[in-house]
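Residue numbering for the sequence shown is 1 to 579, as defined by our numbering.
I should point out that these hints are in silico values taken from the structure, not numbers from a laboratory. Honestly, I wouldn't trust all of these hints.
Below, computed lysine to aspartate or glutamate pairings styled on DMTMM-like, alpha-carbon distance capped at 20 Å [claimed, not checked]: (1) LYS474 with GLU515; (2) LYS474 with ASP555; (3) LYS538 with ASP513; (4) LYS538 with GLU551; (5) LYS538 with ASP527; (6) LYS538 with ASP555; (7) LYS474 with ASP426; (8) LYS474 with ASP255; (9) LYS474 with ASP513; (10) LYS538 with ASP468; (11) LYS538 with GLU515; (12) LYS474 with GLU438; (13) LYS474 with GLU431; (14) LYS474 with GLU503.
Just the calculated beta-carbon pair ranges, DEER-fashion [to be verified]: (15) HIS100 with SER379: 42 to 50 Å; (16) ALA105 with GLU329: 23 to 31 Å; (17) MET1 with PRO36: 17 to 25 Å; (18) HIS526 with VAL562: 22 to 30 Å; (19) GLU329 with ARG434: 23 to 31 Å; (20) ALA232 with SER379: 24 to 32 Å; (21) ASN28 with ALA105: 42 to 50 Å; (22) LEU333 with GLY387: 48 to 56 Å; (23) LEU333 with THR180: 40 to 48 Å; (24) GLU383 with ARG473: 23 to 31 Å.
Ideal placement from N, C-alpha and C gives every residue a C-beta, glycine not left out.
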Amino acid sequence: MLDHLVRSATVVDGTGTSAYPADVGLRNGRIAVVAPPGTVTEAARTAEDATGLVLAPGFVDPHTHYDAQLFWDPYATPSLNHGVTTVAGGNCGFTLAPLHPARPADADYTRRMLARVEGMSLIALEEGAPWNWHTFGEYLDALEGRIAVNAGFMVGHCALRRHVMGEDAIGGRPTAEQLTAMVDLLHDALRAGAWGLSTTQSGTHSDGDGRPVASRHARPDELLALSRAVGAHEGTQLEAIVAGCLDRFSDDEIDLFVAMTAAAGRPLNWNVLTVDAAVPDRVPRQLLASERARAAGGRIVALTMPILAPMNMSLGTFCALNLIPGWGEVLGLPVPERIVRLHDPEVRAELLRRAESPEAGVFRRFADFARYVIGDTYSTENEGLTGRVVADIAAERGQDPFHCLVEICARDGLRTVLWPMPTDNDPASWELRRRTWEHEDVLLGGSDAGAHLDRMCGAPYTTRFIGDCLRGRKLVPLETAVRMLTDDPARLFGLRGRGRITEGHHADLVLFDPERIDAGPAQLVHDLPGGSPRLDAKAIGVVSVRVNGVETIRDDRVTGAVPGTVLRSGRDTRTVPTR
């Protein structure tokens with residue numbers, strides 16, 4: 001007997017081939033039968049009529065930070081609502097394990113680092129996770145059997161360094177014995193099921209004390225030793241971030257990435273490839289790394305987003321503005337002193353100069369303050385400004401836009417929420433994105449879901465992209481869009497039996513209305529432990545989401561079921577060759 005039968009669905013199976021009508025039967029968490037409508041004679045415990053609806057494989061998000069959130073939110077919302085059934089965590093060098101058993105303070109250091117570098121709520125980290133593990137395997141075991149999504153995790157270089165070197169991980173170089181211990185620790189994590197190694201050397205990544213995170217102090221010999229360890233295990237990967245990921249790679253960064261993937265014999269992915277027709281040389285430069293990697297026997301894959309994810313700013317709390325060279329010194333001051341400095345015309349002029357300079361890289365796109373929209377305000381003086389564009393307000397007041405914006409924010413004690421309008425929303429940029437997606441080493445993803453919770457909302461990229469393909473720009477056909485969200489990432493990670501609708505595969509499925517599928521606007525909610533805020537977005541037109549055959553979402557509401565699996569390398573992933 002079948003557990004469930006979906007009748008008369010329009011199946012988009014993840015392979016990129018044309019959609020077709022079919023009945024799809026599920027049994028024991030797998031797809032048992034795919035047959036023409038009306039031809040399945042086996043009885044089913046439950047069934048539903050899917051006439052007019054599309055049935056697709058569950059979406060795979062290749063870059064999330066749900067490592068902590070899954071403890072207080074096993075449903076990985078809002079990703080699960082938007083059809084994501086498998087998430088890759090442990091990215092950017094940051095993981096919750098391993099933790100040294102003799103140094104309980106390392107857990108506090110990790111929480112404060114995640115709060116700073118990934119914009120997670122410190123209260124939620126403290127109250128929402130048990131922190132009762134030491135080894136990476138114990139961390140994975142703590143999640144087993146209690147999550148609604150399938151989740152696999154890289155092991156973070158920062159945690160490895162901290163475990164072996166203690167406080168010397170910041171600023172120090174490992175001795176030969178320490179490097180051996182770090183490699184051994186990585187082997188232990190990989191044997192326990194870690195998907196691979198993640199690391200960062202990005203200048204934007206600082207810990208809770210404002211110091212460069214541990215992995216930023218690693219030299220190439222350390223990174224290559226760890227990469228070789230990854231290559232000794234079945235079904236593993238590399239994920240890495242360097243400063244050039246935000247704009248253009250340096251020659252040294254390309255050489256490092258190529259050496260790492262070649263040493264491991266495993267794919268290396270990075271994020272995020274920013275596509276902007278106003279900067280036409282960026283994409284060729286970034287994809288040069290992939291070209292050189294293939295020549296060296298490796299593979300480098302760039303993640304890129306198919307939507308413009310909503311992202312807000314603030315002069316009062318840490319955000320992307322702090323990462324503009326020179327801005328962190330001012331925006332890191334106590335609020336009263338910060339307001340005084342921002343009111344100084346010479347300070348504002350210098351901040352603008354730095355924001356518009358070549359050294360600001362990709363952050364230059366945040367320097368056009370005339371194109372900011374005022375979000376939430378908190379003072380009587382700012383009543384009626386929500387939703388208005390700074391350029392219009394500045395014109396009314398006879399001020400330059402940045403002066404006007406500072407004045408508005410100061411009246412709110414710098415709590416004002418600011419929404420920059422994207423500068424790369426033009427037809428030429430979208431056409432460049434479409435062409436870039438065709439590259440064999442470009443993959444859709446990079447949502448950062450689970451991180452930067454009150455600043456950006458990338459999780460709904462799946463439904464928003466499909467809605468755009470069906471009813472908006474129509475840059476690619478539905479079948480191609482689904483393949484890019486399902487089979488492509490499943491193949492990159494070597495996922496066994498996932499990413500397609502075919503008999504024998506795991507029954508990770510999303511059923512949606514093609515006339516309605518979309519994502520609602522980002523809204524600030526206070527539903528984290530301790531009442532901390534995050535941005536959320538409703539899923540529109542998603543009828544049902546199933547993970548391993550069990551329904552987890554019905555009409556944008558979680559069912560309470562937790563059928564997800566902690567996906568472990570080797571058992572649940574196979575090696576993806578680079579040669």
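A quick look at each hint next to the structure:
1. LYS474 with GLU515: holds, 14 Å
2. LYS474 with ASP555: Answer violated: LYS474 to ASP555 is near 25 Å, above 20 Å.
3. LYS538 with ASP513: The hint holds at about 15 Å.
4. LYS538 with GLU551: Given that 20 Å is the threshold and the Cα spacing comes to 18 Å, the pair holds.
5. LYS538 with ASP527: Status holds; Cα separation ~14 Å.
6. LYS538 with ASP555: holds, 10 Å
7. LYS474 with ASP426: Roughly 15 Å between the alpha carbons, so the hint for LYS474 and ASP426 holds.
8. LYS474 with ASP255: Roughly 37 Å separates the two Cα atoms, so the pair is violated.
9. LYS474 with ASP513: Satisfied, since the Cα-Cα distance of roughly 17 Å is no more than 20 Å.
10. LYS538 with ASP468: holds, 16 Å
11. LYS538 with GLU515: Roughly 16 Å between the alpha carbons, so the hint for LYS538 and GLU515 holds.
12. LYS474 with GLU438: holds, 15 Å
13. LYS474 with GLU431: holds, 11 Å
14. LYS474 with GLU503: violated, 30 Å
15. HIS100 with SER379: 42 to 50 Å: holds, 47 Å
16. ALA105 with GLU329: 23 to 31 Å: Between ALA105 and GLU329, where Cβ atoms are some 28 Å apart, the hint holds.
17. MET1 with PRO36: 17 to 25 Å: holds, 20 Å
18. HIS526 with VAL562: 22 to 30 Å: At roughly 24 Å between Cβ atoms, VAL562 and HIS526 fall inside 22 to 30 Å, so the hint holds.
19. GLU329 with ARG434: 23 to 31 Å: violated, 40 Å
20. ALA232 with SER379: 24 to 32 Å: violated, 59 Å
21. ASN28 with ALA105: 42 to 50 Å: Because 46 Å falls inside the window, the suggested range holds.
22. LEU333 with GLY387: 48 to 56 Å: violated, 29 Å
23. LEU333 with THR180: 40 to 48 Å: Between LEU333 and THR180, where Cβ atoms are some 44 Å apart, the hint holds.
24. GLU383 with ARG473: 23 to 31 Å: Given a distance of about 37 Å, which is not inside 23 to 31 Å, the answer is violated.
The structure fails to meet hints 2, 8, 14, 19, 20, 22, 24 from the earlier list, while all remaining hints are met.
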